[in-house]
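S.K.: In case you want the letters, here they are:
There are 2 protein chains.
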Amino acid sequence: MITIKDVAKEAGVSVATISRVLNNSPGVSDETRERVLSVIKRLNYNPNLLGRNLRRMETKMVLVLLPTISNPFYARIVKGIEDVAQKNGYGVMLCNTDSNIEREKMYLELLKNRLSDGVIFMAPEMNKEELNEIGEKYAVVQCCEYKEGANVSHVSIDNYKASYKAVKHLIGLGHRHIGLISCKNNFLSTKHREEGYKSALEDSGIPFNPGYIRYGDYSFKSGFRAAQGLLNDHKEITAIFAISDIMAIGAIKACYENGLKVPDDIGIVGFDNISFAPMYNPSLTTVSQPKYDIGCTAMELLIKQIENKGGNKENIVLEHELIIRHSTVK
Amino acid sequence: MITIKDVAKEAGVSVATISRVLNNSPGVSDETRERVLSVIKRLNYNPNLLGRNLRRMETKMVLVLLPTISNPFYARIVKGIEDVAQKNGYGVMLCNTDSNIEREKMYLELLKNRLSDGVIFMAPEMNKEELNEIGEKYAVVQCCEYKEGANVSHVSIDNYKASYKAVKHLIGLGHRHIGLISCKNNFLSTKHREEGYKSALEDSGIPFNPGYIRYGDYSFKSGFRAAQGLLNDHKEITAIFAISDIMAIGAIKACYENGLKVPDDIGIVGFDNISFAPMYNPSLTTVSQPKYDIGCTAMELLIKQIENKGGNKENIVLEHELIIRHSTVK
DNA sequence: CATATTAATGTAATCCGTTACGTAAAATAT
DNA sequence: ATATTTTACGTAACGGATTACATTAATATG
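The listed protein sequences correspond, in order, to chains V and R. In this text, residue positions in the first sequence follow numbering that gives the first Met the number 0: the first is 0, and each later residue adds one. In this text, residue positions in the second sequence follow numbering that gives the first Met the number 0: the first is 0, and each later residue adds one.
These are calculated hints, taken from the structure and not from any lab test. All of these numbers come straight from a predicted model, not from anything done at the bench. Beta carbons are placed, not taken as given, at the ideal position from N, Cα and C, and that holds for glycine. Fair warning: there could be bad hints in the mix.
No farther apart than 20 Å at their CA atoms in a straight line, the calculated lysine-lysine pairs in the PhoX-like style are these [stated by the list, open to error]:
{"hint": "1", "chain 1": "V", "residue 1": "LYS111", "chain 2": "R", "residue 2": "LYS40"}
{"hint": "2", "chain 1": "R", "residue 1": "LYS59", "chain 2": "R", "residue 2": "LYS78"}
{"hint": "3", "chain 1": "V", "residue 1": "LYS183", "chain 2": "V", "residue 2": "LYS127"}
{"hint": "4", "chain 1": "V", "residue 1": "LYS59", "chain 2": "R", "residue 2": "LYS111"}
{"hint": "5", "chain 1": "V", "residue 1": "LYS260", "chain 2": "R", "residue 2": "LYS260"}
{"hint": "6", "chain 1": "R", "residue 1": "LYS303", "chain 2": "R", "residue 2": "LYS78"}
{"hint": "7", "chain 1": "V", "residue 1": "LYS104", "chain 2": "R", "residue 2": "LYS86"}
{"hint": "8", "chain 1": "R", "residue 1": "LYS127", "chain 2": "R", "residue 2": "LYS190"}
{"hint": "9", "chain 1": "R", "residue 1": "LYS104", "chain 2": "V", "residue 2": "LYS86"}
Label pairs and their in silico Cβ distance ranges [to be verified]:
{"hint": "10", "chain 1": "V", "residue 1": "GLY228", "chain 2": "R", "residue 2": "LYS329", "range": "21 to 31 Å"}
{"hint": "11", "chain 1": "R", "residue 1": "ASP292", "chain 2": "V", "residue 2": "LEU172", "range": "40 to 50 Å"}
{"hint": "12", "chain 1": "R", "residue 1": "ARG54", "chain 2": "V", "residue 2": "GLU108", "range": "15 to 25 Å"}
{"hint": "13", "chain 1": "R", "residue 1": "HIS233", "chain 2": "V", "residue 2": "GLU147", "range": "56 to 66 Å"}
Hey, can you work out the whole structure from these sequences and the hints?
M.R.: Laid out in structure tokens, this is it:
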């Protein structure tokens with residue numbers, strides 16, 4: 000392997016000068032710089048960043064922990080993260096946690112072992128206390144999902160308002176019997192979306208019926224089953240709001256299998272505006288999060304923390320949008 | 000920051016002993032080992048892997064370059080890669096190349112700079128020569144997509160046979176006018192899938208009509224447009240084979256917008272069996288690749304290369320499967 | 001012309017763990 | 001009892017690049 004020493008010898012200068020050339024540091028004559036560069040090219044030298052990283056005690060790498068890359072919701076967010084990272088000289092490592100706390104902790108070792116300068120959580124599995132502990136020593140940002148009361152920055156939308164608006168849209172179309180497909184988990188977004196659903200009903204003088212809530216796990220099948228349950232037990236239901244697009248798509252399929260036409264017989268609203276939402280048959284009315292911006296903002300926060308060495312706890316709320324498609328109106 | 004020296008001092012032993020404990024090396028008495036472990040815990044010491052990696056000249060990290068994480072096709076493959084990696088003590092960094100050769104090369108720097116021990120390409124953008132050059136110096140495996148004649152291992156299915164089978168399925172259902180939605184690119188899989196389509200027709204005595212081929216770019220929209228073109232120009236067409244599920248889904252949508260029912264008026268077959276294929280309306284007949292196994296196999300090949308220091312060029316072909324759903328039969 | 005300043009480069013310590021080698025003590029063999 | 005082996009450590013070199021500080025040469029200033 001070619002090292003900086005080989006280059007130095009070949010160019011007839013010291014390793015310090017090579018290092019200065021590599022880092023565009025001042026104090027090298029144009030002539031020497033040219034010569035060094037040509038030697039680097041000729042020897043096909045690639046600096047070994049393990050050395051640099053050890054010395055500088057940084058890696059210019061950040062970790063992004065996401066529950067799964069199967070969920071298309073994350074794709075645009077990640078794009079935002081990567082674009083900002085690249086612009087600032089950082090690399091991004093995506094890591095699938097499978098929503099598994101062991102795997103999450105395993106990947107966090109990369110942070111503790113200094114193989115990464117910071118971490119963005121898409122949906123932290125660990126509890127508030129553990130998160131706080133990590134947040135005290137390392138650069139951490141939560142993205143979309145976050146733990147209430149954790150002293151760690153986060154970027155998200157206002158899930159309560161977004162859900163409220165989605166349900167109000169259905170009510171505005173004349174629906175009075177609106178089912179909800181939610182999830183049984185500890186996500187704050189879930190809680191806020193349920194609250195938004197209830198408030199929208201109450202504000203319109205529609206009594207909240209606990210039997211109208213079913214629970215899934217964000218999967219297609221779970222959405223399908225939840226909808227089937229709702230349609231069986233409550234024939235009067237004319238609309239369903241699902242807290243994720245994938246479950247909403249499952250619900251549409253269930254409607255079709257029950258002989259109900261969407262949107263004629265049943266209106267469906269999802270959440271997330273995944274890339275499949277406009278492709279589906281019918282296209283899906285849904286709440287759109289500014290995914291790209293969320294990603295960019297999260298990465299910007301993270302870089303600020305890394306470079307200012309801590310401090311800078313910030314919480315940022317970005318705007319959502321209701322996108323009306325053919326699953327609610329013809 | 001706590002270093003190995005601090006632990007050594009606190010435990011009253013030398014750094015070598017600490018290192019031995021950390022690596023489960025022999026030559027440490029049980030008593031000392033216990034004491035060291037308790038000091039490590041008490042001081043909350045995390046070894047700085049930058050030091051270890053520099054010394055050992057390895058990182059136990061591998062790179063996975065994929066065109067985009069938006070394509071759900073990759074999710075299962077990545078899962079296979081990750082599972083095998085974890086079992087062998089490797090971490091996985093996923094990197095979006097955006098099918099951009101610059102980005103691809105940027106991420107390859109991580110390999111050249113020793114921040115990664117090997118790389119798995121899902122769809123290399125660089126040409127055969129460049130790939131060969133990388134393959135000579137570093138551990139490299141191509142996964143699913145590969146360059147013909149490149150002296151670099153690959154794992155994939157037989158795209159020719161798979162495509163042949165898909166088209167034969169349509170012919171078996173009585174279809175005689177079968178459109179193809181392909182892509183204009185240099186992927187070998189594309190070439191093979193087109194060849195399979197042609198051979199299936201010819202073997203059944205159906206003349207190949209070049210007008211029956213349209214080109215997309217793997218996107219939903221492109222599939223939609225391609226199908227619309229086919230349906231407009233060739234009213235006799237009763238089936239379409241698309242070389243990707245997402246384009247097939249676009250094609251189904253186009254059929255519906257043209258008032259054609261799937262599968263009654265038109266049969267559609269896709270390729271990949273993405274997670275959305277069974278969710279779609281109607282569910283999509285498609286070719287399934289053993290994605291998880293492909294991922295596992297690719298990672299196994301890569302580890303073999305890393306640990307045997309080169310050598311071991313192997314090409315592995317895994318079995319595909321045609322999954323018949325409601326886009327071709329009621 | 002002597003001195004101060006600046007530019008260009010070199011020397012060597014440093015970052016943190018790993019590991020080859022050395023050593024002393026204890027265990028075992030003869 | 002002596003010789004040999006084994007065990008349990010410690011010492012220090014090492015990996016590659018960075019950087020504070022030192023040095024030399026060239027230029028500017030009075």
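S.K.: Each hint needs a verdict: does it hold in this structure or not?
M.R.: Against the structure, the hints:
1. V:LYS111 / R:LYS40: Holds, because 14 Å separates the two Cα atoms, which is no more than 20 Å.
2. R:LYS59 / R:LYS78: holds (18 Å)
3. V:LYS183 / V:LYS127: holds (18 Å)
4. V:LYS59 / R:LYS111: Holds. V:LYS59 to R:LYS111 sits at ~16 Å (cutoff 20 Å).
5. V:LYS260 / R:LYS260: Between V:LYS260 and R:LYS260 the Cα gap is close to 15 Å, so the pair holds against 20 Å.
6. R:LYS303 / R:LYS78: holds (19 Å)
7. V:LYS104 / R:LYS86: holds (16 Å)
8. R:LYS127 / R:LYS190: Holds, at about 16 Å.
9. R:LYS104 / V:LYS86: Roughly 16 Å separates the two Cα atoms, so the pair holds.
10. V:GLY228 / R:LYS329: 21 to 31 Å: holds (27 Å)
11. R:ASP292 / V:LEU172: 40 to 50 Å: Roughly 47 Å apart at Cβ, these two residues keep to the hinted range, so it holds.
12. R:ARG54 / V:GLU108: 15 to 25 Å: Holds - the Cβ-Cβ distance for R:ARG54 and V:GLU108, about 18 Å, lies within 15 to 25 Å.
13. R:HIS233 / V:GLU147: 56 to 66 Å: With a Cβ separation near 58 Å, R:HIS233 and V:GLU147 satisfy 56 to 66 Å, so the hint holds.
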